[in-house]
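Asks: Those protein sequence lines, which keep their order, are chains A and B. Residue numbers for the first sequence, in this note's numbering: 1 to 524. Residue numbers for the second sequence, in this note's numbering: 525 to 857.
Hints in this document: simulated from the structure, not taken from any laboratory. The C-beta atom is built at its ideal place from N, Cα and C for all residues, glycine as well. Each hint should be verified, as a subset may be incorrect.
[To be verified] Estimated spans, in silico, between C-beta atoms of each pair:
| # | chain 1 | residue 1 | chain 2 | residue 2 | range |
| --- | --- | --- | --- | --- | --- |
| 1 | B | C673 | A | K312 | 39 to 45 Å |
| 2 | B | G839 | A | V105 | 33 to 39 Å |
| 3 | A | T179 | B | I844 | 51 to 57 Å |
| 4 | B | I844 | A | S380 | 39 to 45 Å |
| 5 | B | G839 | A | M224 | 54 to 60 Å |
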Amino acid sequence: MDQLDVILEMKEISKSFPGVKALDKVSLKVKEGTVHALMGENGAGKSTLMKCAFGIYHPDEGEIFVNGKNVHFADTKNAMDQGISMIHQELHPIRVRNVMENIWVGRIPYKKIGGVKWVDYKTMYDKTVQLFEHLGITINPREMVSNLSVSHCQLLEIARAVSYGAKVIIMDEPTSSLTETESELLFRIIRQLTAQKVAIIYISHKIEEVLMISDEITILRDGMLVGSWNSKEMNMDLIVKRMVGREMTNRFPQKNHKPGTVKMEAKNLTSPNPHSFKNVSFQVRKGEILGIGGLVGAQRTELMEAVFGLRKIAEGQIFIDGKEVTIHSPSEAIRHKMALLTEERRFTGIIPMLSVEDNIVIANQSAHKRAYTGGKLFLSKKKRAQDAKKYVDSFSIKTPGLKTQIQYLSGGNQQKALLGRWMLINPDLLILDEPTRGIDVGAKYEIYSLMEQMAAEGKSVIMISSEMPELMGMSDRIMVMCEGRLSGIIEGNEVTEERIMYLASMVEEARSDTEKGGLDTDER
Amino acid sequence: MNGKKLDIRNLMMNYALYIIMILMIGAIAVISPKFLSLRVLTDILTQSSTRILVALGCMFIIVSGSADLSGGRVVGLTAVVAGSLAQTSEYYIKFWPGLPEMPIIVPVLAAVLVGVLVGAFNGIAVAKLKVPAFLATLGTQMVVYGVNCLYFNKAPNNSQPLGGFLKSFSKLGTGNIGGVPYLVIIALGCAVAVWILQTKTCLGKEIFAVGGNPIAAKVSGINVFKILMITYMLAGALYGLAGCLEATRTGSASSSYGLSYELDAIASCIVGGCSAGGGVGTVGGVVFGVLIFNIINYGLTFIGLSSYWQFIVKGLIIIIAVAIDVRKYAGKD
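Just chain B, same shape as in the assembly (with noise of 0.2 Å):
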């Protein structure tokens, strides 16, 4: 290295996204002080908790090098399913006129078990068909969303938003302990379970391998055909949670739900530090990467701008954040 100069760009290079959060939550804070307080905190974690889940999803699938566009579709899906299993035997238009309450365990497991179906039909697409991953989960969303389309239409309920949830299922989602949200802890609890997935087991690993030379890992004798389907299953699972827990912080649920979460978890992933190219992501970063637009969203609205601007934001740290990841990345020959 030669110099001072070459180590602040580096600096600057590695921190900026950091530098710019800071320096955002500052400006904020000093136009509208109240947004360093507890209760704002606690919004903003609450709100991107289910963001967490789906972005977690995606950076699986990111870091085995592949890509998924179907996610936010998927939310939208299990989040239809979750709440049309979870309604009160009173409520006026149920779903499912017949079916008695259930615990709430049920309507949980019906979301992530739909959610890993769509992932493996995704894994089969990519892995087995040989489909560019970005077409093949294109493909997924649309159908994903036509058969949530039709589900969502079924007489009695005919396209009007689920309503009437059991009393448990709506606590789940708006509930606390000792000030925490069960959300915010779910949510956590998902990011360590990740972040012990990818780091202390086999799986992990390996799923880092296919990511970082899909050749290489094969003649090292992994079975990349495994390893993607069991990513795409993941993801699947964490979606499919996200979809639930939805419903439940919102008290609603609509075919509409979802409406493209997956390209801001992408967004958080790669401005967490996943490198698109495959074989670079940590839990940590793609969480920060979600706050940072939680933060964003939740900051100009506090401080009163339309919430127009926060697309124009939005965008341009995408675009700042992947012009860093590539001279990270590929510069280094």
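The shape of chain A in the complex, shown without the other chains (with noise of 0.2 Å):
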């Protein structure tokens, strides 16, 4: 294999955000006619480095070589030129449109008669017919495009990439909403492209996966190169220590607190979605910090979110204090004590034209609006400020006022207020979706000891984190779920960063030895 010459080669390349380095100095080489696979936790700057690899992101050191010629990417269109595609994790395909015209779309085949072009249809099928033939991909080329499954959509898009000419396709987690027999049509795909010396840069979680597919495997921890490999000499187990392996520092409060009887439970949770969660059970106790890990698309969100009546729940039971009960709003969940910290703050958490003070006090004033207008019509003026203040104070949130606008904050300010809005409604079970992302090291730290504070108090909370460190350091249990499904929950004095990635990438092995009961419907 190393007779093969190198098609891509990326060279020390640096990338930073404000406040964050997301790539240091990490080197890569693809050769041709071969997968390379790219692994790494969650932020470990995977994407990062194939944004730059595609022109997407322009990085600040670093040089990028393909054919040994060294290359300068403005743009998507320029990283194409040079023969580099990259087929995104979301796809987003004219769905109006049939399948030969998503491919040809911005080089539409014509005739020219009498000064006008016309869209000649006759060659733009055979064109496709032809691609398709090349590849092996059965589509009609006139199908329209809202019929085709997600995986005909990814090699609809693969098709795309190679009609360009490309020597070298990122696939970015490309079988995350797949079933396994339209995995195994992806492989045949990229068996295929391999054969024509095109290269792939295989980005996946899945470690069975990569290790069947990949013929080399590049692994980057928190924005650094670990290594390159050839998958032959990897297994499962070096894979995860190499992806992992990170010191821990005392950057969490101390415990104080002791779970004690249940609080809250979930059985059986399942989606009408068939691609979300499925037959998920847990229970949460009084006084506990329940963390909830998986990989991106493992469906945490949208189970959490089901819980507090933001999406619909198909089937599955909630029980609160041992009595069953409904929630189909979250104004319902609020009255049952419930509070979300949602995900996306910016989309779901601020209301970014209205204060400081509106946004502490929202939700607190819809569900007792007793408490400050005193039965009466009028709000209190008084009692708004006061509550906002409290808030402002306690978790020292600095803001010029609490008239201020609150998208003038910074992100960790907005999430300190977002908490107050929270805890004005005394929540005795609180939902934090990755409560940290995105802000800074304090902020954190006051985050953690609220958390902490709560569980002290007897209240329950579960935090959904896709940051390792976090997870184990604050949690008392960690519930790990991989597409959809649960696949383990472990016990503090158990836990281990190889245990909750090994649950969270390999749902079938992990539910083979963590299944009890209510797991039953295996479709695959």
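The task is to assemble the complex, starting from two chains supplied on their own in separate frames and drawing on the hints.
Replies: Printed below as a string of structure tokens:
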């Protein structure tokens, strides 16, 4: 394999974003006709590196060579001209057009008659058939894209990349929304492509799959290169160890809480969406912090949003304090003294143009109108200001004033204001979805302290987190999900990063040794 | 902030419309000094009064992050409904010949009720059936106009402009207390009521929250459907009142009343500082927006310019206002 030519080389690439060094001197060599897997935890820098290779980001330092030639990509068009293509995790085909028009969009074959460019459907069809035959794809070029499955849409993207003459195709989590049979089809096409000397860069969290399909594996951790290896030299354990391997530091408040009786129990929760959560059962106790781990696409957010009444539940039951409850909307969840700090602060959390005060009191004000009006028509300005000020002070939220629009605060301060919003309703069960994403270390510690304090008061906390140290440092138990299923619950004393990664990336094995009833339907 | 240059730019940005308006009033007053008289002021305010009500209704909708194109036709429908219930028994083509003369509260309430019903219709289409507001209310606009024409064409009226209103009814539109027209008092009263509702009640705060970020509002336990319903119904009530007053002011009513009032109202809201994206808007700004348009209308006629010029000037002002709005709210990340 060493005789193969290096088609894409990235040399000591560095890239910083405000406050984060996303990539630190990372190098990568991809040989023609091979599948090169890129692995690492969430936030390790895989996507950033690939966006540099595809001209979406511009590296701060380092050089990129295609076929030994030093190149600079101003944009993605540039990269595509040099034979680099990327297939994103989320596909955006034009659904209301047919397959062949999607492939040739922007370069539609035409005949010029009388000075007018007429679409040459015949040529377009023939070229598409030719392309599909070449790749072994069997999709009708005249089919409407809206009728295609996700995997077929993906094949369409691949065909399009090939039609541009791609020599390197980057695939970002291509199988995350595919079934096993669909994945098989994808692998067949990948093998077809490599036989034609096309190189594939394959980003995936699924270790088994990577071991099966890839020729080489490069692992990143915290923006740095761990190393590149021949896939034959690697196994599951080695990969997990190299992806993780980080020291735990003392960044968390001391644990003073003790889990008590069960506060909330979920039984066999199943989403109406077949790609979302299935048959998930769990409990959270009073005075407990339950961590939820998993990879992107594990459906953790969807599960918790469903528990909070933001999404529909097709089957399953929820019990609070032993009593079954049905929750159809967030306002009902709030009535059961639940709170949810959502993942996307900017899109589902803050109300940007309203003041810090408005943002803090909004939930409590709609849940307990009386507290603010005293049964009269008008709101008490004093009460609103008092409540808002209480949390601005106790969380030391940095803001010019209570009337400042929240959009002008920093991310960490916005997050603390949102926590204040939820603390005001005095919740018994606080659900936090990636509570420290994108905020600085100081604010992080304050959020951890608040979680600890809540648990110490006998309240329940559920925290979804993709940050391993945080998940391990804060949780009493960690429930790990993979592809919408519960793959295991790890008790505090048994938690290791390897165990979490193992459960998060391989639902098949995990299920067989942690299954305790419940998970009986295995459609695969 | 770096330097004075930016401050001046910001200042121009924030007050551009006020500056334009003052310059225009100044120019009109120079050409025709009589423009700055009490009588002209009273005229402008009276003409603006029903427009203010429509614009206030529209403001509710825009602040809640929605849109409403049905306002003008609702004014037309409610003007006809109110007028048809407020005719004297002597009138030669009384709309409802058998109907006794009723106290004016009846036509007023009927108009408001019709407005609320249309609002509920809009609310269901937008918040329940999830039809994009722009299209839903465009549909409503047509439906309402059709209903109005059918009603208006009923025998014995047969689409003739309504007349012969009760004295008390016409008085509402033409009378005054100490020189201040009733209409102006009613419009200001409504403006104050809306201001109180918007700034001092839970409902007001929730409307802002829904307009500012509907998902965040929902997560915070606000019933977004309910808020949108209430918003549309409140707007409908204001349109209804405006329609009724439009009949009293002109002493007549026909199905063509209120044509394109909704567009003027939307323009007034945007010019008055409502963000087209929702979540931002003040009563003061909206009243100012209505006044600026009416001053232009009146002023241009006053100095003898063709009324066609009004369209050109109004159109340009809308574009300038939105261009400023976009920079104010979208530019900040």
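Asks: All hints are to be evaluated individually against the structure, with a verdict given for each.
Replies: Hints versus structure:
1. B:C673 - A:K312: 39 to 45 Å: holds, 43 Å
2. B:G839 - A:V105: 33 to 39 Å: holds, 37 Å
3. A:T179 - B:I844: 51 to 57 Å: holds, 55 Å
4. B:I844 - A:S380: 39 to 45 Å: The hint (39 to 45 Å, Cβ to Cβ) holds, given that I844 of chain B and S380 of chain A are roughly 40 Å apart.
5. B:G839 - A:M224: 54 to 60 Å: holds, 59 Å
Consistency note: the structure conflicts with none of the earlier hints.
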